[in-house]
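From just these sequences and the hints, can you work out the full model?
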Amino acid sequence: MDKKTQKRIIIDILLVIALFAGLYVMEKTLPRNSMVFPVLKKGAIYALLAVSMNLLNGFTGLFSLGQAGFMLLGAYTYAILTIPVQSRASVYQYYDGGALTFALPPWLALILAGVVAALFASLIGFAVLRLKSDYLAIATLGFAEIIRAFVQWEAMGPITNGSNVLRKFPYFRSVLVPFAVVGICIFVIVLLLNSSYGRAFKAIRDDEVAAEAMGINLFKHKQMAFVISSFFAGVGGALFAMFNTTVIASTFKSSLTYEILLIVVLGGIGSVSGSVMASFLYVAASEWWLRFLDEPLFIGAFQVPLLKSGFRKVVFSVIIMVVVLFYREGMMGKNELSWEFIKDRLGKLKNKLKNIGKKKVKAEAENE
Amino acid sequence: MEFSKFLPYILSGVSVGGQYALMAIGYTMVYGILRLINFAHGDIFMSAGLIMVYLATWLPIYVAMPLTIAITVAIGFLVERIAYKPLREAPRMSIMISAIGVSYFIQNFALYLTGGLTKQYPEIPFISRTVEIFGQRTKMVTVITPFLTLFLVIALVTLIKKTKVGMAMRAVSRDFETSRLMGIKINSVISVTFIIGTFLAAVGSMLYFTNYTGVSTISGSMPGLKAFVAAVFGGIGSIPGAVIGAFVIGICENIIKGLGWTTFSDAFTFALLIVILIFKPNGIFGEANTDKV
Amino acid sequence: MKKTLAILLAAVMVLTLFAGCGNKDDQANVIKIGVFEPASGDNGAGGKQETLGIQYAHSVAPTVEIGGVTYDIQLEIVDNESSNDKAATAANTLINAGCSIVLGSYGSGVSIAASDIFGNAQIPVIGITCTNPQVTEGNEHYFRICFLDPFQGTVLANFAKEELGVTKAYCLAKMGDDYSTGLVNYFKEAFEGLGGTVVSQTFPDGTSDFTSYITTAQNEGCGVFFSPVSTEAAANIVEQANAQGMTMPILAGDTWDSNVVLQAAEGTANNIYITTFFDEGDTAQAAVDFVSGCKTYINGNAEAKTNNNGDDTIAAVTAMGYDAYFVALEALKAAADPTDPVAINEVLWDVNYDGVTGNIQFDEIGDAIRNVAYIKKVNTTDAVWEFVAVQSVQ
Chain D
1 MDKKTQKRII
11 IDILLVIALF
21 AGLYVMEKTL
31 PRNSMVFPVL
41 KKGAIYALLA
51 VSMNLLNGFT
61 GLFSLGQAGF
71 MLLGAYTYAI
81 LTIPVQSRAS
91 VYQYYDGGAL
101 TFALPPWLAL
111 ILAGVVAALF
121 ASLIGFAVLR
131 LKSDYLAIAT
141 LGFAEIIRAF
151 VQWEAMGPIT
161 NGSNVLRKFP
171 YFRSVLVPFA
181 VVGICIFVIV
191 LLLNSSYGRA
201 FKAIRDDEVA
211 AEAMGINLFK
221 HKQMAFVISS
231 FFAGVGGALF
241 AMFNTTVIAS
251 TFKSSLTYEI
261 LLIVVLGGIG
271 SVSGSVMASF
281 LYVAASEWWL
291 RFLDEPLFIG
301 AFQVPLLKSG
311 FRKVVFSVII
321 MVVVLFYREG
331 MMGKNELSWE
341 FIKDRLGKLK
351 NKLKNIGKKK
361 VKAEAENE
Chain Z
1001 MEFSKFLPYI
1011 LSGVSVGGQY
1021 ALMAIGYTMV
1031 YGILRLINFA
1041 HGDIFMSAGL
1051 IMVYLATWLP
1061 IYVAMPLTIA
1071 ITVAIGFLVE
1081 RIAYKPLREA
1091 PRMSIMISAI
1101 GVSYFIQNFA
1111 LYLTGGLTKQ
1121 YPEIPFISRT
1131 VEIFGQRTKM
1141 VTVITPFLTL
1151 FLVIALVTLI
1161 KKTKVGMAMR
1171 AVSRDFETSR
1181 LMGIKINSVI
1191 SVTFIIGTFL
1201 AAVGSMLYFT
1211 NYTGVSTISG
1221 SMPGLKAFVA
1231 AVFGGIGSIP
1241 GAVIGAFVIG
1251 ICENIIKGLG
1261 WTTFSDAFTF
1271 ALLIVILIFK
1281 PNGIFGEANT
1291 DKV
Chain U
2001 MKKTLAILLA
2011 AVMVLTLFAG
2021 CGNKDDQANV
2031 IKIGVFEPAS
2041 GDNGAGGKQE
2051 TLGIQYAHSV
2061 APTVEIGGVT
2071 YDIQLEIVDN
2081 ESSNDKAATA
2091 ANTLINAGCS
2101 IVLGSYGSGV
2111 SIAASDIFGN
2121 AQIPVIGITC
2131 TNPQVTEGNE
2141 HYFRICFLDP
2151 FQGTVLANFA
2161 KEELGVTKAY
2171 CLAKMGDDYS
2181 TGLVNYFKEA
2191 FEGLGGTVVS
2201 QTFPDGTSDF
2211 TSYITTAQNE
2221 GCGVFFSPVS
2231 TEAAANIVEQ
2241 ANAQGMTMPI
2251 LAGDTWDSNV
2261 VLQAAEGTAN
2271 NIYITTFFDE
2281 GDTAQAAVDF
2291 VSGCKTYING
2301 NAEAKTNNNG
2311 DDTIAAVTAM
2321 GYDAYFVALE
2331 ALKAAADPTD
2341 PVAINEVLWD
2351 VNYDGVTGNI
2361 QFDEIGDAIR
2371 NVAYIKKVNT
2381 TDAVWEFVAV
2391 QSVQ
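Order-wise, the sequence lines are chains D, Z and U. Using my numbering, read the first sequence as starting at 1 and increasing by one per residue. Using my numbering, read the second sequence as starting at 1001 and increasing by one per residue. Using my numbering, read the third sequence as starting at 2001 and increasing by one per residue.
With a cut-off of at most 25 Å between alpha-carbon atoms, the simulated DMTMM-like pairs for lysine to aspartate or glutamate come out as follows:
(1) D:K308 - U:D2311
(2) D:K202 - Z:E1089
(3) D:K28 - U:D2116
(4) Z:K1085 - D:E259
(5) D:K28 - U:D2340
(6) U:K2032 - D:E295
(7) D:K168 - U:E2364
(8) D:K168 - U:D2363
(9) D:K168 - U:E2140
(10) U:K2305 - D:E295
(11) Z:K1005 - U:E2220
(12) Z:K1085 - D:D134
(13) U:K2032 - D:D294
(14) D:K308 - U:E2303
(15) Z:K1085 - D:D206
(16) U:K2168 - D:E154
(17) D:K168 - U:E2137
(18) Z:K1085 - D:E329
(19) D:K334 - Z:E1089
(20) D:K308 - U:E2076
(21) D:K168 - U:E2346
(22) U:K2305 - Z:E1123
(23) Z:K1280 - D:D134
(24) D:K308 - U:D2312
(25) D:K132 - Z:E1177
(26) D:K132 - Z:D1175
(27) D:K132 - Z:E1089
(28) D:K168 - U:D2116
Calculated from the structure, these hints are not laboratory results.
Written as structure tokens, this is what we have:
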């Protein structure tokens, strides 16, 4: 390790500490009911979900639409395992208190949430990973729907509470918790992507046949990406359940998968930092900044046209279509946010400004 | 269970199967040519329903019906031109994401327009009438749907087999690049495909919503997915395959409900899809295709 | 082209930033009441009608005088999209806006989902028509002014057994809908307790094809079709039951008390009975005044009329929304500080208010003490509700 990398690692660690310190100060100083906190929490959770989806779609080139299904597994696992024993009678009111008579600590249940999702993924993987891109998409979508029907089945009632809501499980109050969990998870994903496995994933994405010729075991690596991505989707699902404070199967429809997919597209397919930034931006805009689009607005006696319930979502879908059609790279393309990237962009900007300045001078000279 | 008790389920199944079939053709033709799962197709089906609802409030029904079809076809054409054509050279994932984006847009726009309320579909004279068949009361549309579907399919197959456009479509779906080199105007062939697909979806929506009269913003997504599964089941690219697949799915789904497994009526469709994909990826009538490197 | 787009996008983003910071005008004498209702999704139609009642009440009493000071009441309306995962952020929006008290929601599921979020922010909520017991159970901040599902289920079961003379009932609930599955469950308990038998099925969301369910009900030889579901599904069920010539009466809960159902049932041969909170034909003076005033309000406001599904029939949920607003005002008046949610929460327990839907007081759980339900029937020729009976349970 040379001096430069060492220095950089120290800076990174300091940045992370600064981030958490900043969040802590925010929690202590800002009004407790400020909209900043739910937005930050949800943004962090969506960041993990988007990164885990990106691992599969962006880095391995497997177009999977099963995210909602794995989130559901994670959310249910977490909720079922952590509902306190004394609350079970009221939650499982139609099923005589349910089948489980114990409750696990949240951190263990959080890990198990990922494990259950990963286990299912490894089972499903055998069946679907051989399929071609678009067939894989529709098959994973189908599996998500099957899982959803299965947990709602009456016979599963003593465990999943049928199609009824699960609640009263422990959840976080401080914004630091989701940030810590999500931070660790994304850190692990980044480590993985920078390892030889990560390079193999990217090789598969770029050219399957060539990758195979280079001696990469296609199925093994695809299966691995699928299982790992599902693990984090499960953890993300459990965090999502905590954020919502309740779990119900009808939340995890294909539209939720699409929502995450669109975040991935906005951020750039194949960029971890892009997904993270897009998540926060998306959540802040859709849940907070753009809410005013849904209400009629008067400037004096003049009513601003078009604004009424539902306009926010129309604006959103237009933005997304514009990105899909004209900025296919999204915010970051395949780049990552790093010092070099910022320096590079700043340099380009400077050059552009210089060029404009030069042109001006030239034009002025010509005019004279 | 005796037959007379089972008959109503089969009747419902045949009827809804015919309506899925009209949509499935759109999926199978587009996939055949562009290799694209047109996720927005179900939503175009839904918007055909909404257009009819709005037109019928101020136009006589016989004017509203052809106008609905015309507008829906125009939407289908525009969606292709705006959202799919610019991405023709892009990776396949991009164009699929674009399709999902269009679907998201149509649903949200419909939400904005309707204010989230379910709209009641207008009554179309004759087919909304109640009739009795084998002692079971049902709507006329239930009886008409399979015949109309078969008629349209035969017309379509004739078109594809006998006309010049049809020949071009077959050529493009066989080999995109070569047919371009042969001087076929790819873009107009694709447009024609979308026009035919949306035309059938518009007709299908009239039949479907006459039976199930509530039009809401998500009315199209489930039928859309099922129609797509039908297309895969029959072998994607094959029109008779899609039609048969649609009837199979429609009938099975209703029989499952009849047996009391209502929780799994939708999941069944997807289970069928996965089984087909694993054991017979080219569907029942699909041609074996080889992947070109 | 690309550049203009980029500039446009950037402009939109900047504008939204301003909007995000801009609308925080804290005037001294303003009290904010949050309206936590669905305006889209499965319960959009019902939520809009309930909101309508609150808006009408607000137009009747836009200010309140407390201790010699006149406060302006401001409604903060947010759409919870009938969805549990949107409920959390929608609730946070109201909390962030600084609401002193919140009204809603139509639909028990979203109310349960948002309950803890309001609870953590120590903001009291008055549930208007969320009838599932879990809404108020085990917390101190959620109240409700309507009757509960165990009561409603029993009333419906009694009615089916005694008035309709039925011994076998078909129940249809929507999967994942706490209201629907809960009420079916209580109905089943009560009906089986009376010696009847029940065939019970569920349908997944997004279903619009109910023909098979209707066929099953007919094949099983059931005497009544009980389906407490959202109005969207209700309209489909009514329409398809008629087409299939279903002769057994249809029975449902308070959600069906909506002109959506009336419009679907017009000209059909169905017998539809429902339990509800309010009857438009009520002859009490307060109710008569409310009905005429509300009709004038709806007819004078195009948007209100659209939200009420295009006519001026008053839904029971509109009347309940109206009462909820005044119950909130009563609490504001009684509170030590009308802008302090905690103070309002404390005095809510003692509110005693005579509304258009009857007297409202809360018991020790936070539920209204109500033991009366109206039973109404659809007159399918004129598309109006006919009063059948007032039912209570000991």
